[in-house]
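Generate coordinates for the entire structure from the input sequences, incorporating the hints supplied.
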Amino acid sequence: MNVDYLVNSLYLIKPELAIASALVLLVLIDLIMGNNKKFLPYVAIAGLIAAAYFIIGQFGMNSLAFVSKSNKGMIIADPFGAFFKGIVVFASLFVVYFSIKSDEIKASFERHGEYYTLIFGMILGMFFMISASDLILIYISLELVSFSSYVLAGFTKTALRNSEAALKYVIYGGVSSGIMLFGISILYGITGSTNLYEINSLIQSSSIPNLTFILSGILIFVGIGYKISAAPFHFWTPDVYEGAPITITAFLSVASKAAGFALLIRFIKITFIKSVDSAGYWQLVDLIDWKTFFIFLSIITMTLGNFAALWQDNLKRMLAYSSIAHAGYLLLGMAVLSNQGMIAIIIYFAVYAITNLGAFFVVMLIANKIGSENIDDYKGLGYSQPFLGVSLAIFLISLTGLPPTAGFIGKLYLFIALVDAKMITLAVIALLNSVVALYYYIRVLKNLFLSRPANGTFEFKVSFSNGLVLVLLAAPIIILGIYFTPLVDLAKNSMQILGF
Amino acid sequence: METNQLLSYILFTPLLGALLLLVFQRENENEIRIFGLSISVITFGLTLMVLSKFDSINPGFQFVHKVPWITNLNISYHVGIDGLSLLLLLLTTFITPLTLLSSWKAINKKVKEFTFFMLLLEVGMIGVFVSLDLFLFYVFWEAMLIPMYFIIGIWGGERRIYASVKFFLFTMTGSLIMLVAIIWLGVSAGGVVGHFTTDLVELYSVGPALAKNFQNWLFLAFALSFAIKIPLFPLHTWLPDAHVEAPTAGSIILAAVLLKMGTYGLIRFCLPLFPEAAITFAPFLSVLAVIGIIYGALVAMVQKDMKKLVAYSSVSHLGFVVLGIFAMTQESMQGAIIQMVNHGLSTGALFFLVGVIYERSHTREISDYGGLAKIVPVYSAALLIASLSSIGLPGLNGFIGEFLILLGAFKSPLLNTWGFTVFAATGVIFSAVYLLWMYQRVIFGVVKNPKMEHLPDMNKREIFIFASLLIFIVWIGVYPNTFLKISDRSTARVLIQVNTPVPREIPK
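Same order as they appear, the protein sequences are chains D and P. Taking the working numbering, the leading residue of the first sequence gets 96, the next gets one more, and so forth. Taking the working numbering, the leading residue of the second sequence gets 81, the next gets one more, and so forth.
Coverage of chain D stretches by chain P, computed from C-beta distances (three or more under 8 Å per stretch; other residues unrestricted):
| no. | region |
| --- | --- |
| 1 | 485-498 |
| 2 | 511-525 |
| 3 | 528-537 |
| 4 | 570-583 |
DSS-like cross-link-like pairs, simulated, lysine-lysine; straight-line CA separation at most 30 Å:
| no. | chain 1 | residue 1 | chain 2 | residue 2 |
| --- | --- | --- | --- | --- |
| 5 | P | 185 | D | 541 |
| 6 | D | 587 | P | 146 |
| 7 | P | 190 | D | 556 |
| 8 | P | 185 | D | 474 |
| 9 | P | 189 | P | 384 |
| 10 | D | 541 | P | 246 |
| 11 | D | 133 | D | 201 |
| 12 | P | 189 | D | 541 |
| 13 | P | 292 | D | 517 |
| 14 | P | 189 | D | 474 |
| 15 | D | 541 | P | 190 |
| 16 | D | 464 | D | 133 |
| 17 | P | 190 | D | 474 |
| 18 | P | 192 | P | 246 |
| 19 | D | 556 | P | 189 |
| 20 | P | 192 | D | 541 |
| 21 | D | 474 | P | 192 |
| 22 | D | 201 | D | 556 |
| 23 | D | 464 | P | 189 |
| 24 | P | 192 | D | 464 |
| 25 | P | 246 | D | 474 |
| 26 | D | 556 | P | 192 |
| 27 | D | 464 | P | 190 |
These aren't lab readings, by the way, just hints derived from the structure by calculation. Ideal Cβ placement from N, Cα and C applies to all residues, glycine included.
Below is the structure:
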């Protein structure tokens, strides 16, 4: 191992290095500055902007880092990874801003150092999750994300539901990552390698014991399914989303899910692919029938998420179930197993990220003032606070997937991918699910605009900066809903995974 | 002004108006009303310009304006009209200013929002009628739900929330199924024209080339969505709720224009895109239409609420339109088209008149009224004319449409039995029964309710609105040719599209 080689590899993980340095810096500043913690979020934002700068550079890259004789490479730098890291950074920037404004977080001022450090721990973990090509690294990064998020979910020590959420999260997380590790060890036992590319060439060339292989594949999926909250590994989601501080909920529902989906796509595509045909369909090694697996998983996930959301009175909890349902829609894109499906996932995710951040931001602003997330407490909000009401309406309409919002574009591409793959039944199931979703989203709309406000509930002003951020999130939803070519071009550029 | 951009001006004038409206102070209610009204009048003026330059000899699309939009999917901003769309466009832009005028006094809270939503609604309605790209069409079709949801939900009656949610859910279910069908059709186009497309003109060559069973599925998906909107029996249950709870302006728009979007869709999309399937399903849909005619009439007869009565009469009248479409003869189809306009005018007038009296007495129960003839003579005369027009009295508009439809259905080689005509004709008789019976109970007899004795008669504004409708009610009744000839060639073209076998390509 020579210096040149190391430098070359480090050159490929500049975004990760930027985040790691920012993390160290945060710890140091927290130690040095003592009680003056005002700088911390700005350091965090600077770190994120640096990372974003390096990520943009990665859109043109296509190489492996840390290649050795015994390993084909640990980390991939490619446009696909750059896109999902971009989503993580995008979400993080907003979450840091939300944290500055959140009353929940302000209350625990003396522990702000820990807070931002842990968020950066999560970001670092997610970056590695997105770009790892080695099972060991995948597992470690997954654990890094999990451990940081366990603590963050219970960050506000005063609230009882915080602690409950954190504890549930630890228990479910521990079990699922244990199961995943078991799967990884079986896979290693069969193939003798932890590198995804090596495993791919091995299972194509030699005969593999079928049943054991299926077992290891499914066990590994448990760990990923837990991260993306696919049914039946979703049980933690509602409790954690409801219990955690809103900033963390927004972060988990966007960034953590982005990392999970990136990992899932990479794992399936790199490990199992034989070839990609001219129409963009993936021919997989027929050891595991992933197609059927994803079809069932997506149906269960979206149906369960949507129907459970119908009964929720807490908006945060409702959004938690709706995010389960959205994971189901995204899994539809996986079930297609084609480039078309991947484009759909990428578009859907970009839109989902903006929309969900926006929705949680409005919930946070309102909770700051009225101290409640109950849907019934939103009655008449649209009249007393037209700006918040209209923004929330735009986010909810986009989550439903109605034109002219970006949410519709996500659904459109998903349906195109499904119909192109002749999976009409699945498309019909998905659209019936959208009708169910419509019902609980318009329930909120109804409270916002059709119900009479109670007197004087919402007498407060939205500050200029908050309003600006809200516009930054709401405007793209309408603009991309009307002119979405840039989004599609981005998705086409981002589907490039190294090697295929 | 470039002629081929005229449609875009019509489409974007109300949108621009809606956006400009946002800068108004909400206290200046009168300015807001006048502004909204003038925008919609300008839109109507532009439509008249289109009418004056329209060439009714040309059966194809005119005023075509096509701009690439989403090049990845070959989606373009593509608008254009033929005779059918022109008639409905005229109806839309004509009715909208009248509804705004009709709610001058009735809507006195949140006037700004109301005018804003009405203008947005107009954009959606115009968009639906001028789009020649299925994607564009779908965007307008769906986007219109939101303003309508709010119009019913905010300014509606007591059960407005229930009604608006029901309306939203019903229509959304149908339109999502249509979305999958549109995508399916667009993907299938790859096998015929070589790329994904949602362009209607291109798809006219794709749909008929599809295998029969594909056509059947796609036809059913489109037809289901339109049938919910029309609404065709047995999918009509959202309509009475929506109508009864909606404010008068909402009811008029709903009856006059929104329901027509369903029947328009049948003629524009279902028949020419899937001709074989349309011929296969025509008898079934005609049966549903006839059931709807009779069922709607019978249910209307026993209503105690005037608005509900008119709502059920819509179910019955729209049944005629559907029958006319699926009889697939030149006469019946022309009858269906003119009947769409007629229904817009006469049912619009009826809803307006129900609204007029409701504003004064705050009740719609038929049994609360009686003896209005002496108290409000002008109103009584207006209600009589509107009822007679809806019944189909010769000399007024309703007669022309129903006569042509019944004649066409009788001659139809496709339906091939006089049964449809006979049963549908009973609907005409029933409509006379329920409307005249209502008229008798409301207008004649003794004044039962002392509160009614001092009802003021229609004021000038209301008379103006009714008179505007009346002009066309009589015009169509006396000299329908003015209107029939606009759509004559377009109708013939649709029928040629349905009846010309297309060489079948290998289904993809």
